Amino acid sequence: MTDQAQRMPAMPQSPAKSAVRTALGVPQGPHTLVYRHSMWVRAAHWVNALCLVILLMSGLGIFNAHPALYIGNGSDFERPILSMTAQQNNDGSLTGTTWIALKPFDTTGWLGASREDGQWMARGFPHWATLPGPQWLAMARQWHFAFAWLLVANAALFFAWGVWKGHFRRDLLPDRTNIRHLPHEIVQHVKLRFPHGEAARRYNGLQKLAYSIVIFVLGPLIVLTGLTMSPTMDAAFPQLLWLFGGRQTARTIHFLCAFSFLGFFIIHIAMVVLSGAWNNLRSMITGWYAIEKEDSRG
Amino acid sequence: MADQSRRTFVGRALAGAGALMLGGCYDLSQKKWVTGILGEVENLTRRAQHLFAGQHTLAPEYAKSDIAPVFRANGTRDPGTQEYAAHVATGFVDWRIAVTGLVEKPLSLSMSELKALPSRTQITRHDCVEGWSCIGEWKGTPLALVLAAAKPKPNARYAVFYCADPMTVEGDPDHYYYESLDLAEAVHPQTILAYEMNGEALPVAHGAPVRLRAERQLGYKQPKYVQRIDLVEDFSRIAGGKGGYWEDLGYTWYGGI
Numbered sequence: 001m002t003d004q005a006q007r008m009p010a011m012p013q014s015p016a017k018s019a020v021r022t023a024l025g026v027p028q029g030p031h032t033l034v035y036r037h038s039m040w041v042r043a044a045h046w047v048n049a050l051c052l053v054i055l056l057m058s059g060l061g062i063f064n065a066h067p068a069l070y071i072g073n074g075s076d077f078e079r080p081i082l083s084m085t086a087q088q089n090n091d092g093s094l095t096g097t098t099w100i101a102l103k104p105f106d107t108t109g110w111l112g113a114s115r116e117d118g119q120w121m122a123r124g125f126p127h128w129a130t131l132p133g134p135q136w137l138a139m140a141r142q143w144h145f146a147f148a149w150l151l152v153a154n155a156a157l158f159f160a161w162g163v164w165k166g167h168f169r170r171d172l173l174p175d176r177t178n179i180r181h182l183p184h185e186i187v188q189h190v191k192l193r194f195p196h197g198e199a200a201r202r203y204n205g206l207q208k209l210a211y212s213i214v215i216f217v218l219g220p221l222i223v224l225t226g227l228t229m230s231p232t233m234d235a236a237f238p239q240l241l242w243l244f245g246g247r248q249t250a251r252t253i254h255f256l257c258a259f260s261f262l263g264f265f266i267i268h269i270a271m272v273v274l275s276g277a278w279n280n281l282r283s284m285i286t287g288w289y290a291i292e293k294e295d296s297r298g
Numbered sequence: 299m300a301d302q303s304r305r306t307f308v309g310r311a312l313a314g315a316g317a318l319m320l321g322g323c324y325d326l327s328q329k330k331w332v333t334g335i336l337g338e339v340e341n342l343t344r345r346a347q348h349l350f351a352g353q354h355t356l357a358p359e360y361a362k363s364d365i366a367p368v369f370r371a372n373g374t375r376d377p378g379t380q381e382y383a384a385h386v387a388t389g390f391v392d393w394r395i396a397v398t399g400l401v402e403k404p405l406s407l408s409m410s411e412l413k414a415l416p417s418r419t420q421i422t423r424h425d426c427v428e429g430w431s432c433i434g435e436w437k438g439t440p441l442a443l444v445l446a447a448a449k450p451k452p453n454a455r456y457a458v459f460y461c462a463d464p465m466t467v468e469g470d471p472d473h474y475y476y477e478s479l480d481l482a483e484a485v486h487p488q489t490i491l492a493y494e495m496n497g498e499a500l501p502v503a504h505g506a507p508v509r510l511r512a513e514r515q516l517g518y519k520q521p522k523y524v525q526r527i528d529l530v531e532d533f534s535r536i537a538g539g540k541g542g543y544w545e546d547l548g549y550t551w552y553g554g555i
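Residue numbers (the working numbering), protein chains in the order written: chain A, 1 to 298; chain B, 299 to 555.
Think of the hints as simulated: they come from the structure by calculation, not from any bench.
In this text the structure is predicted, and so the values were computed from the model without any measurement.
Note that beta-carbon positions come from the ideal geometry of N, C-alpha and C, so glycine has one too.
Wrong hints could be hidden among the right ones.
Just a few of them, taken from the derived set where beta-carbon distance is under 7 Å, the chain B residues facing chain A [what the hints assert, rightly or not]: (1) A357; (2) T419; (3) D425; (4) C432; (5) K437; (6) L443; (7) R514; (8) Y518; (9) G539.
Beta-carbon label-pair distances, calculated as ranges [unchecked claim]: (10) B/G352 to A/A23: 24 to 34 Å; (11) A/V53 to B/P487: 37 to 47 Å; (12) A/D106 to B/G352: 34 to 44 Å; (13) A/I269 to B/G352: 38 to 48 Å; (14) A/I81 to B/G334: 32 to 42 Å.
Take a look, some chain B residues computed to stay more than 10 Å from chain A by CB distance [what the hints assert, rightly or not]: (15) K330; (16) A366; (17) R370; (18) D376; (19) P416; (20) E435; (21) P440; (22) K449; (23) T466; (24) W544; (25) G548; (26) G554.
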């Protein structure tokens, strides 16, 4: 820690460079390094990140085999709650339409019809969003199930560890201060003012809430709705169908969960970048997070 | 200058990583060691699901009011061959269902012989691998009864179903739809050779005169236009060797998920 303090005078910086370093979250002034994330959290985090990307993209590939969502056990093909269709134009191009509650929206180029190597294709999501890129249901399913197993194995280890070591209770369970400060924290986050100094040592209330929802609500929900789509699992656990209101409803919830994960992912990345990309990234790789001394900030 | 080239490098690296991610997964999907791992995942899924579902749990059955007004017909909607058209014209009186292979007593049943056996009627949900579902009522002969009559030999492990619908692409040698189930799934109480759908004779689009229903499996595991059931120990030398028409094209043999 002393070496960082000593290095400062030796590195005179242009104002521009300094601004870039500040934006990246490279500590400018005196700071201490704290061990913020344990090895288990870091390992689980990166396995999750990989699973999330592969599962989302292969899931969109599976969805493209029948780009429509329904409510209930069966599919009412006349009344999907969401669907993506393509229509041929006179010049050979396609018009893509997304129907939400039977209302059409022109989504040409993005949803329903998009170009793949210059060729117009009728497909729900475009090739750059799916895995594999070309429409290949059999392979998309195999990637999806493989990484679903990895996600579940990772989650099982993480849950066992989190309960055993008290990670959930200590780091994720909001305390009274968190709850009282929540409205204030939401305002601060919207203004892009993030905790500094000692306050950055621990998750704030908003972080606890977001991570808890993902870990304890979205995660289990997406796994269970995924299993509900399996006819053999429905024979083993018919309660799943009752719980989610039918196989097609489960598929719809699964889809909504996937996009909630994507939303979380986007906001998470934005927060990481805005609150000091380098410092955050380092702490999730090495565990060490730089906390600036309070007096170094105006 | 240095900044410029660094920026170019970072841009290229990002674009490269993106391309690797997208194209890479496509290329990876063709690599033997990757398909090997994915095959092991399929085995893991099959074992785990067998562990939970066992041999006897039943697929959910529904009420008459749940029956879909329009049950989508997928895959072959009409085999379109002269032989099949002749069967349609004569009301399938000459249609035979043969049971062959590793059995003590090979059978060749007419439709009336099949219908003379005890039947089971079930209102179940048909789940297509594409993602949609339809509920319908099926009546047919439990496959377990037919197989019991044929007396499987101890080394019989799979039932392979041969169908009348050609799947031949122009220029290829003739081949027809086929599928396979392990014997445990083949003798499941809801696995029936269905000849009625929603109270009427099975329509051509749904596999007339007889199709398989295996209610804990996806649609592609339930072949239509069934003509022969062959009991085998191993299907690796049949057609593409993967146990079914769609399996030979890359779909998993295990179709319970």
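Against the structure, the hints come out as follows:
1. A357: holds, 5 Å
2. T419: violated, 18 Å
3. D425: Where the cut-off is 7 Å and the nearest Cβ of chain A is about 5 Å from B/D425, the hint holds.
4. C432: Interface hint status for B/C432: holds (5 Å vs cutoff 7 Å).
5. K437: violated, 19 Å
6. L443: B/L443 check fails; min Cβ-Cβ to chain A is 21 Å, beyond 7 Å.
7. R514: Hint on B/R514: holds, closest Cβ of chain A at ~5 Å, below 7 Å.
8. Y518: Check failed: Cβ of B/Y518 comes no nearer than 10 Å to chain A, outside 7 Å.
9. G539: With Cβ-Cβ at 16 Å, over 7 Å, it is violated.
10. B/G352 to A/A23: 24 to 34 Å: violated, 58 Å
11. A/V53 to B/P487: 37 to 47 Å: For B/P487 against A/V53, whose Cβ atoms are near 42 Å apart, the range 37 to 47 Å holds.
12. A/D106 to B/G352: 34 to 44 Å: violated, 50 Å
13. A/I269 to B/G352: 38 to 48 Å: Holds - the Cβ-Cβ distance for A/I269 and B/G352, about 44 Å, lies within 38 to 48 Å.
14. A/I81 to B/G334: 32 to 42 Å: Taking Cβ atoms as reference, A/I81 and B/G334 lie about 39 Å apart, which means the hint holds.
15. K330: holds, 14 Å
16. A366: It is violated; B/A366 is separated from chain A by about 5 Å at its closest Cβ, not greater than 10 Å.
17. R370: Non-interface label fails for B/R370: nearest chain A Cβ at 7 Å, not farther than 10 Å.
18. D376: holds, 20 Å
19. P416: The assertion about B/P416 holds, with a minimum of 22 Å to chain A.
20. E435: holds, 13 Å
21. P440: holds, 16 Å
22. K449: holds, 28 Å
23. T466: Label holds. Min Cβ-Cβ 20 Å, cutoff 10 Å.
24. W544: violated, 8 Å
25. G548: About 4 Å separates B/G548 from the closest Cβ of chain A, which leaves it inside 10 Å; violated.
26. G554: Per Cβ check, B/G554 is inside 10 Å of chain A; nearest 3 Å; violated.
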